[in-house]
Amino acid sequence: MTQAATSAAVFKSKAREALSDPALQQAMDRAKGGFVGARRIAVEDLAEFDSLRDTARDIKDHVLNHLDLYLERYERKTIENGGHVHWAQTAEEACQIVKKICLDADARLVAKGKSMVSEEMELNRVLEEAGIEVAETDLGEYIIQLAGESPSHIIAPAIHKTREQITELFYENHKSHGFSERVTRREAIVNEARAVLRSVFARADVGITGANFLIAESGANVIVTNEGNGDLSSTLPREGEVEGPTEYHVVLLDNGRSAMLAGRYQSMLRCIRCGACLNHCPVYSAVGGHAYGWVYPGPMGSVLTPLMQGFDRSYDLPNACTLNGRCNEVCPVRIPLSDMLRKHRFEQYRRNLNPWLGRRLLSLWAWFARRPRLYQGIVALPVWLMNRFGRGQGVLRRLPGAGGWTGSRDMAVPEKRTFQVQWQAKRDNGK
Amino acid sequence: MSDTLKKPTVGFFVTCLVDIMRPRVGFAAVKLLEQAGCEVEVPRSQSCCGQPAYNNGDEANSLAIAKQIIKAFDQFDYIVVPSGSCAGMFSEHFPRLFRYDLDWLHRAQRMAAKTWELTRFLVEVMRVDSLDSCYPAKCAYHDSCSGLRELGIREQPRQLLSLVKGLSLAELDDRDVCCGFGGTFSVKYPEISTRLVSNKASNLEQTSADALLGGDLGCLLNIAGRLRREGSAAKVFHIAEVLAGMADGPGIAEPEDEA
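If you read the protein sequences in the order shown, they are chains G and S.
Residue 185 in the numbering used here sits at position 185 of the first sequence; the count goes up by one each step and never skips.
Residue 200 in the numbering used here sits at position 200 of the second sequence; the count goes up by one each step and never skips.
Be aware that a few hints might be false.
Claimed, not checked - Taking lysine-lysine and the DSS-like style, the derived pairs with C-alpha atoms no more than 27 angstroms apart in a straight line are:
#, chain 1, residue 1, chain 2, residue 2
1, G, Lys426, S, Lys7
2, S, Lys6, G, Lys32
3, S, Lys71, S, Lys6
4, S, Lys6, G, Lys14
5, S, Lys31, S, Lys188
6, G, Lys426, S, Lys188
7, G, Lys343, S, Lys67
8, S, Lys188, G, Lys343
9, S, Lys71, G, Lys343
10, S, Lys114, S, Lys67
No lab work stands behind these hints: they were computed from the structure.
With the rest of the complex left out, here is chain S (with noise of 0.2 angstroms):
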C-alpha cells in the first residue's frame, strides 16, 4: 500500500464501564472500525475519561486525567469512542478545563477536534454505507443525553441500524427524555433515578420492541438493570454488538451461556 493510501490511524478509547462491564461492546467496535478501513491501536495508558471527578467539582484530577489521556492519544489521526458521553467529554469539557493554560489548551482542542463518538465516526468520517450483519428483531434505539444535545447524535445510529438485516426499528415516546443514569447521579439519587428508568422501562413496553439498543454504555447497565428487576424480556445491546454481528450472545445483564 503507497503512503498516500495509508489507513488512517484509529486511537480507540474504550471507556472504563466497557473495559470492566463489557468488553465484547470494544472487540465488537474495534471489529466495526477495522472493517471500514482503519488501523486500530489500543493505548495502554487510559482508564477513564475523568467524568466522576469532573462532575463532582474535583477540578484537580480532572485536569491530571485528562492531560494524561491527551498525551496518550495525540499521535492518532482520530480518537473513537463508543459512547456519546466520553467523546463529549473529550469534545466539549476537555477544553474548557484548559481556557487558562494556552499550551494545554492547543493539545486538548486539537484533540477535540480529533474525537469522535463510534456511530457518528463511521457514518461521517468512514461514510460506511453496508454491513453484513443480521439482527432479526423489533428494535428501540436510546438517545443518550451527552451524544444527542453536545454531539448531535441522532440519526447517524438510526442510519447504520437500517444497514443490519432484519432489523426494525421501533421510537420511544420520550426519546429525547434522560433514563436517570447521570454517573454517579444515578447511586447517589437513587430514588428519583429509579423513577426515571421506570419511566423509560414502560416507554420500551408500549412499543412492545424485542431489544433495547444504544451507544452509551451507562445508559443501557442502567435500563437493562432496572428492565431485569421489573422481570422485562427485553434485550439490552450496545449498538456496536448489533452492528458488528455479535449480538446473537447473552445481552446485558443476562446469563453467560453454559456452553
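If we strip away everything but chain G, and leave its shape as in the complex, we get (with noise of 0.2 angstroms):
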C-alpha cells in the first residue's frame, strides 16, 4: 500500500466523499452506538477498570523499558521450543521473510489470521505477487479481501460497510463455491463465510497470525480473538499430516519503533489496538477509515501514521482532530492521545509544513495578540463593521475571508463595542 501511504496527504477530499457516501455513513451510525454502548456496559461490571488501565499501563512501560531483555529472553525460550525467530528492521525484509518461509514449504495457499503488522507490510500483495494464494479467515478481513479494500478499522475492518453490500459480495463471489442464492440475515452471511473459508482452512499450507502478546517466560504468543479463526490458522495441519504444524516461525518487525521507544513518543507502544480510541472519535465516526490513508486510522492512526510514514506525508492527520480528548478517556493503557497529536502539531511547525497563508495569517494575529493594548484597538474595527452590516439580522450569512464557517452556519454578530472597550468606558464613567 505505497500507494496509501502517499494518499494520506488527501485526507481532506476523501473525508469529504465518505462524508457524502450514504452507505458509508449508515454502516457509520449504526456501528457507533454499538461499540460505545458495550464498552460503557462492560466498564460499569467492571469497578476495578480504572486500576486495571493504570496496572496495563505500568506493565507495558515495564515492558517497553526493558524490551531488549524480554525480546531476547522469548527468542530463547521459542528456540528452546523447537520454533524460529527471525529479526526485520523493515516491512520490506519482514515480508521477504516470510515469502521465503511460503516458498521453502512449497505453499500454494496461505490462511491469515486478522493482523494489522500484515497490513502494515503489505504482506498480502508481496505474496500474492510470488504465486501463492492468500486467504483472509477472519469474517470482516475476508468481506475487504472480496472488495479488494483495505481495512477501515483495526478490529472491525469492514465496519464501513452495509450489510446490503456485503449480501452482494457474497452473491457475486460465491457463485463458483455453489452458493446462487442472496443472503441477507446476519447468521446466514456468517454461515456462508464460514462454509467457504472451512476449505480453506483444510487445503491451506502454511497459516499466518499476528500477536496480541508474547510470553518471553514461555516463548508463547496470545491472541485475543472472538472467531477461533486464528486458532485455526495457527494450529491445524497440513492435509494429509496428522500432527499440527512441522514448522513455526516467528517475525518480529521493527519497522519504526525502536526510534519511537527512544523518544517522544515511547508511550504510543502501549497501544494494544484495540479500537477504542476510534469507537469513541467523532471525527473518525464522521470520515470512517479509509480517509486517514493508510492501515492506522482514528487517534491512534494519527499519532502512528506520521512517525512511520513521515510527517510530510500526512500533514493533515494530527490537525484533523478537535482536541476534545475523548479518545483519551477511554484507552485502556492511557495514551495522551491528544496531546501526542498536539506534539505532532508543533514538530509540523518545527518543519515549516504548515500552508504558508494559515502560518502567515497566526503569525499576525499572534504579533498582535502579543501587544494588548494595540489588539484591543485594531479589532474594534472588525467588531464595528461586522455589527454594522448585521445587526437587523443578528447574523452574517457571508463573511469575505470564512467561507469555512459560513458555508454551512451562520456567523453570529458582536455587539458594537468590545467588552475592554465597554468596561473602560464604565470605568472612566464611574471615576
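Two chains, two separate frames, one set of hints: put the complex together.
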C-alpha cells in the first residue's frame, strides 16, 4: 500500500467523499452507538476498571523500558521450544522473510488470521506477487478482501460496509462455491462465509497470524480473538498430515518502533490495538477509516502514521482533530493521544509544513495578541463593521474570508463595542 | 471592613471571543462574581489565552502570550475565566509550556493553581447556593470538552442552573461528544465540523428544549450558527447570562432588539 501511504496527503478530499457516501454513513452510524454502548456496559460491570488501566499502563511501560531483555528471553524460549525467530528492520525485510518461508514450504495457499502488522507490511501483495494465494479468514478481513479494499478499522475491518453491500459481495463471489442465493440475515451470512473458509483451512499449506502478546517466560504467543479463525490458522495440520504444523516461525518487525521507543512518543508503543479510541472519536465516526489513508486510522493512526510514514506525507492527520480528549478518556493503557497529536503539530510547525497562508495569518494574529493594547484597538474595527452590516439579522450569512464557517453556519453578529471598550468607558464614567 | 474580611480579589480573564463577540457574557460573569462577594478587576493587558498558537504548533508565540498573561494576572487571589477551554489552557497547558524553564514554570504553576472556570469557581470556592434570577424555559446544557475532561466540570453548572427559578433541565443524548468547534479546526475542516455540529443540533431537537446553554462561547457560536442556518427556533445563551438574570435580550446569533 505504498500508494495508500502517499494518499494520507489527500485526507481532506477522502473525508469529503466519505461524508457524502450514504452507505458509508449508514454503516458508521449503526456501528458507532453499538461500540460505545457495549464498552460502557462492560466497564460498569468492572469496578476496578480504572486501576486495571493503571496496571496495564505500568506493565507496558516496564516492558518497553526493558524491551531488549524481554525480546531476547522470548527468542531463547521460542528456539528452545523448537521454533524459529526472525528479526526484521523494515516491512520489506519482513515480507521477504515470510515469502521465503512460504516458498521453502512449497506453499500454494496461505490461511491468514487478522493481523494489522501484516497490513502494515503489505504482506498479501508480496505473497500474491510470488504466486501464493492468500485467504483472509477473519470475517471482516474476508469481506474486504473480496471487495479489494483495505481495513477501515483495526478490529472491525469491514465496519464501513452495510449488510446489504455484504449480501451483494457474497452473491457475486460465492457462485463458484455453489451458493446461488442472496443471503441477507446476519446468521446466514456468517454461515456462508464459514462454509467457504472451512475449505481454506483444510487446504492451506501455511497459516499466518499476528500476536497480541508474546510471553517471554514461555515463548508462547497470545491472540485475542472472537471467531476462532486465529486458532485454526495457526494450529491445523497440512492436508494429509495428522499432527499440527511442522514448523513454527516468528517474525519480529521493527518498522520504526525503535525510534519511537527512544523518543517522546514512547507511550504510543503501549497501544494494544483495541480500537476504543476509534470508536469514541467523533471525527473517525464521521469520515470512517479509509480517509486516513494508511492502515491505522482514528486517533492512534493519526499519531502513528506520521511517525511511521513521515510527517510530510500526513499533514492533515494530527490536525483533523478537535482535541476533545474523548480518546484519552477511553484508552485502556492511558495513552495521552490528543497531547501527542498536539506534539505532532509542534513538530510540523518546526519543520515548516503548515500551509503558507495559515502560518502567515497565525503569525500576524499572534503579533497583535502579544500587544494587548494595540490588539484591543485593532479588533474594534472589524467588530464595528460586522455589527454595522449584520445587526438587523443578528447573523451574517456570508463573510469574506470566512467561507469555512459561513458555508454551513451563520456567523453571529457582535455587539457594537468590545467588552474592553465598554468596560473602560464604564470605569471612566464611574470615576 | 477589616483586613481579615477582605474580599477575595479576582482578575477576570474575559477571553477573546467574549471580548469581541458577546461582551454581555463578560458583564454577566462580573455581576455574578460581585454578587458572590468578590472584588473584580479586568486587567487591560489581555487579549487571548494563546490557544490558536498553541494548538497550531507555534511554540514561540504560545510562550510569549503565556508570559504576558502570567505577568498581568500575578497579583490576584484568583483568576476566573468564563470558558473551560481557556481556563484549561492556563491550568493544564501553561505549566507544560514552561517545563524547561524553572522560574517561569513556578510562576505558571502558581497561575494554574489560582485559575478557575467561572461555574466551578462559583460553586466550589464562593459556595454560591442562591441566585435571584429567573428563566422559565426548558434548557439543555452543552458540556464543552476541555471543561469536562481537563477540569471536571459537569455537575457545577447544573447545580447553579437548579437555582434559577422556572428553569428545567433536559439532557442531550451523546452529551459527552464534541460539537465540532475545536477552534481553528472549525474552519480548517469545515465539512467534518459541520457534520459534528449537525449531530449536536439534532440531539438538541430531540430534547425539544427551548434553549441551549453552555460555558464556552466557541462551542455556542458554532451551535447557534448551525441552528440559525437550519432555521431552528431554539435560543442559545452562555450560562453566565442566565445565571445573572441577563438572558432577557436576544440570544446568540439573534437580531438585536430594535428598541
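Results for each hint:
no.	hint	in the structure
1	Lys426/G to Lys7/S	holds (22 angstroms)
2	Lys6/S to Lys32/G	violated (53 angstroms)
3	Lys71/S to Lys6/S	holds (23 angstroms)
4	Lys6/S to Lys14/G	violated (60 angstroms)
5	Lys31/S to Lys188/S	violated (36 angstroms)
6	Lys426/G to Lys188/S	violated (38 angstroms)
7	Lys343/G to Lys67/S	holds (20 angstroms)
8	Lys188/S to Lys343/G	holds (18 angstroms)
9	Lys71/S to Lys343/G	holds (26 angstroms)
10	Lys114/S to Lys67/S	holds (16 angstroms)
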